[in-house]
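Peer 1: The listed protein sequences correspond, in order, to chains A, B and C.
Taking the working numbering, I'd label the letters of the first sequence as residues 1 to 341.
Taking the working numbering, I'd label the letters of the second sequence as residues 1 to 341.
Taking the working numbering, I'd label the letters of the third sequence as residues 1 to 341.
These are calculated hints, taken from the structure and not from any lab test.
Be a bit skeptical, because a hint or two may be false.
A pair holds if it fits inside one copy or across any two, identical chains being indistinguishable in the list.
Straight-line C-alpha distance at most 35 Å; calculated DSBU-like pairs for lysine-lysine [stated by the list, open to error]:
1) Lys326 / Lys59
2) Lys254 / Lys8
3) Lys59 / Lys202
4) Lys254 / Lys339
5) Lys336 / Lys326
6) Lys326 / Lys57
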Amino acid sequence: MADPRFFKSAQSYTLKEIAEIINAEPAPGADLSHRLKDVAPLDTATNAELSFLDNIKYKAQFQSTGAGACIVHPDAAQAAPPGVHLLLSRHPYKAYALAAQAFYPQEKPDAEISPFAHIHPSATIGKGATIEAGVVIGEGVDIGEDCWVEANTVIAANVEIGAFCRIGANATLSHCIIGHHTRLYPGVCIGQDGFGFAIDPKGHVKVPQLGRVLIGNGVEIGANTTIDRGAGPDTVIGDGTWIDNMVQIGHNVKIGRGCIIVSQTGISGSTILEDFVAIGGQVGIAGHLRIGMGARIAAKSGIMRDVPAGEEQMGYPALPIKQFMKQVALLKRLIKKDKNT
Amino acid sequence: MADPRFFKSAQSYTLKEIAEIINAEPAPGADLSHRLKDVAPLDTATNAELSFLDNIKYKAQFQSTGAGACIVHPDAAQAAPPGVHLLLSRHPYKAYALAAQAFYPQEKPDAEISPFAHIHPSATIGKGATIEAGVVIGEGVDIGEDCWVEANTVIAANVEIGAFCRIGANATLSHCIIGHHTRLYPGVCIGQDGFGFAIDPKGHVKVPQLGRVLIGNGVEIGANTTIDRGAGPDTVIGDGTWIDNMVQIGHNVKIGRGCIIVSQTGISGSTILEDFVAIGGQVGIAGHLRIGMGARIAAKSGIMRDVPAGEEQMGYPALPIKQFMKQVALLKRLIKKDKNT
Amino acid sequence: MADPRFFKSAQSYTLKEIAEIINAEPAPGADLSHRLKDVAPLDTATNAELSFLDNIKYKAQFQSTGAGACIVHPDAAQAAPPGVHLLLSRHPYKAYALAAQAFYPQEKPDAEISPFAHIHPSATIGKGATIEAGVVIGEGVDIGEDCWVEANTVIAANVEIGAFCRIGANATLSHCIIGHHTRLYPGVCIGQDGFGFAIDPKGHVKVPQLGRVLIGNGVEIGANTTIDRGAGPDTVIGDGTWIDNMVQIGHNVKIGRGCIIVSQTGISGSTILEDFVAIGGQVGIAGHLRIGMGARIAAKSGIMRDVPAGEEQMGYPALPIKQFMKQVALLKRLIKKDKNT
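Just chain A, same shape as in the assembly (with noise of 0.2 Å):
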């Protein structure tokens, strides 16, 4: 069980509740009536507990479990330990999400603005927002309702943000505009500048970033990522998109609706993602290209050119994903066959 200094379970649950909540059909023979106090990862997991099996890798452990009840995908019910009530999902990890969620609900401090953060006067704080304690709110900030802004964040002048927001600890904001819904993480610097600046020996001669950075609804932003702001048109992450850790998000580049990008990715000035879009981690893309929609680009590979819509590319400089295998494949046998070495 999740340790209870950090979490708190908000409820027990029958069997019969978690499958309706999690839209999985019991399998033939589970206990509708068992009760689940709890989620646990397989090999933890106790009797009272729910816990899943997602990825085929921890079969043994499925095997070994001693979790009460188990959501799987029917394909993989048959190599249940017997005693364990099935759920049947499939999309296991997505209805484990939907338990948890009912376990753990979101968490949200009673409403509160500390006496220790420094709040211009003309900002506005909606109902039931929380400011801990070393914020420093900038004239005009429009901070929206239910908002829970963390500790010794910094939001500059004019900043807007929608309700239900949370801003981590220790970020720091300027110069944008923020939908519903969307949580920052600790550490994010959102606005700042772009790298702009026109080259010359006699000293690199700055361009005035006079755009903005626009987000949307339902965005999660990781810890110490960086999103510029534009330099005239505006910096663009569309509803639904999930960054994580530490990317670096160029100036006036726009991303679309529903794209995952993994952490210690960087793109580059002017690039469009198009909706649903999924980059792995340490991708590096160039600037000023198109990444079509639904487009997969395979971590660390280096993006140098515009990628059609639904291709999925790998390398450095990336290609088609099969020609990079095959790449990969080929030079171990040439390896292999060298007499030179």
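Following the hints, put chains B and C in place on chain A, whose structure we already have.
Peer 2: Chains B and C only, in chain A's frame:
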């Protein structure tokens, strides 16, 4: 036009005035009395706005722009749509930078030391400086005239900062000496111990890091960038060098004047960059190397040997760029011919 | 000598005293009564200073050094310039580390809890601890004896920190338990939610992250590094492991004892590093892998499979290092022969 909540245009100019400020030549027929109130991107600019064409990728936007005036290279002038007053420059981006600076001079708050900053009584704060709320300034710190230290930044004992510097919010500075007109962005960490230890299975032995970070004049250092102090020698960043977000600079690194280092690049300990070196994003440079004057390293390269002055390299491990491009082309041909796949 | 504004040498030593402290053997003829006041790099050291030669690249500096004494490997002793008193050690860098520690013992401020820190009344602060201005400490936090928490750091509810730890400025800690003698550098983010969600076109479904971050004794974690808490299992960092700046550690990662992880490396979720693994800079390791004891991964590698104990790998995708070097050499020869370019 720029969002007036975040940016205030200082004044309007005639085409003639702008031409003089940016040292550009009005094209034949341009109306020198045409009045410009702002700068704007090609696709949104209106008759009272000035735009520019620097990257030929945006030619279509140039041909349909509604801008009243546009800065272009003389070679691109013939593609201009009718009715746009042209300003000809061989360096359109630099010319635009100067124009934008004229409309939007660098912002600077009224000099004010927040009563909510924590400043050690022995620290010196120059005339005209602004110190925002939550800033913590240690013993013996010396901050020059007209500096601007943003909220919640921490400056440890005896740090020296020259005049006209701007230090972003939530930054952490120690063991460093900074010149004039230098700008550090939010979240930077400057002067912490380098990664110095002797490996020992019984517990790695820490090597006290006894050097400093010396940062020159007119330097820019991007958000969440980390610069470790020297181990004995100093870590040095030369005048006019621009460093982007999330760059890692190891202990004892010496960077010359006028260098450009794009985001997420890492430079390992004791490496030297001579003047005017340009490094793309996500490059890794091993320790104890010398990168010659004016060398250019393409994004994502891994540099394991010294790079001669003026040379352009790419790859992992890096090669002179023509060799790297040959290698890429060769591999493509080999895959195509390959029967085994 | 080190800048006295930033570093204070504790005392002077005779060559004999230093030899004992660092367990080195004075070379024949060395003057055991020679008095040393400081350590210094080879090129700036004077007669009252101790230097060292560890990397043969710096042999020329060794041959012209003005140092009064120098630590060298016995094999390099014959290259010494006349008049330098030599201390012979098979581990000159470790010996230097111990000498430098003798001159510059770890700094520790007077125990003091700033009246400008915001500490929840239910938190426990150990005897001898220093809590600087602007620190925010939540409900139920437990901070051990002689800890030093630097300015503007945020420690969320119920975090536990052992004795003799130092937490840098502007750090953010939540959901973690930290051992003794561990040091976190400025800007670290520890314990935030991992990047856990089920992909869904209607909106990715968040998976509540119910684990913790467990950090051992004698650990170092570099500036702006991010460590996500576990999703259910914990994220674990073993005793004596050193992590550099801007490293990303995903949820559920387990890192053993005595590992070294250089800056900008990313380790994806649920991967295991056994003891004494060494990872270069900018390495990416995929999720759910096992990196065996003592394995060594060269900088910038991309690891997509398990790595056997003791193996050295390099490349993207990574290969055993000899194979990678063969591949590099082979490609160079192929380009040279290639007629098509």
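Peer 1: Does each hint hold? Answer for all of them.
Peer 2: Hint-by-hint comparison with the structure:
no.: 1; hint: Lys326 / Lys59; result: within (30 Å within a copy, 38 Å between copies)
no.: 2; hint: Lys254 / Lys8; result: between (39 Å within a copy, 24 Å between copies)
no.: 3; hint: Lys59 / Lys202; result: between (63 Å within a copy, 29 Å between copies)
no.: 4; hint: Lys254 / Lys339; result: neither (50 Å within a copy, 41 Å between copies)
no.: 5; hint: Lys336 / Lys326; result: both (15 Å within a copy, 9 Å between copies)
no.: 6; hint: Lys326 / Lys57; result: both (26 Å within a copy, 33 Å between copies)
Checked against the numbered hints listed earlier, the structure breaks hint 4 alone; every other hint is satisfied.
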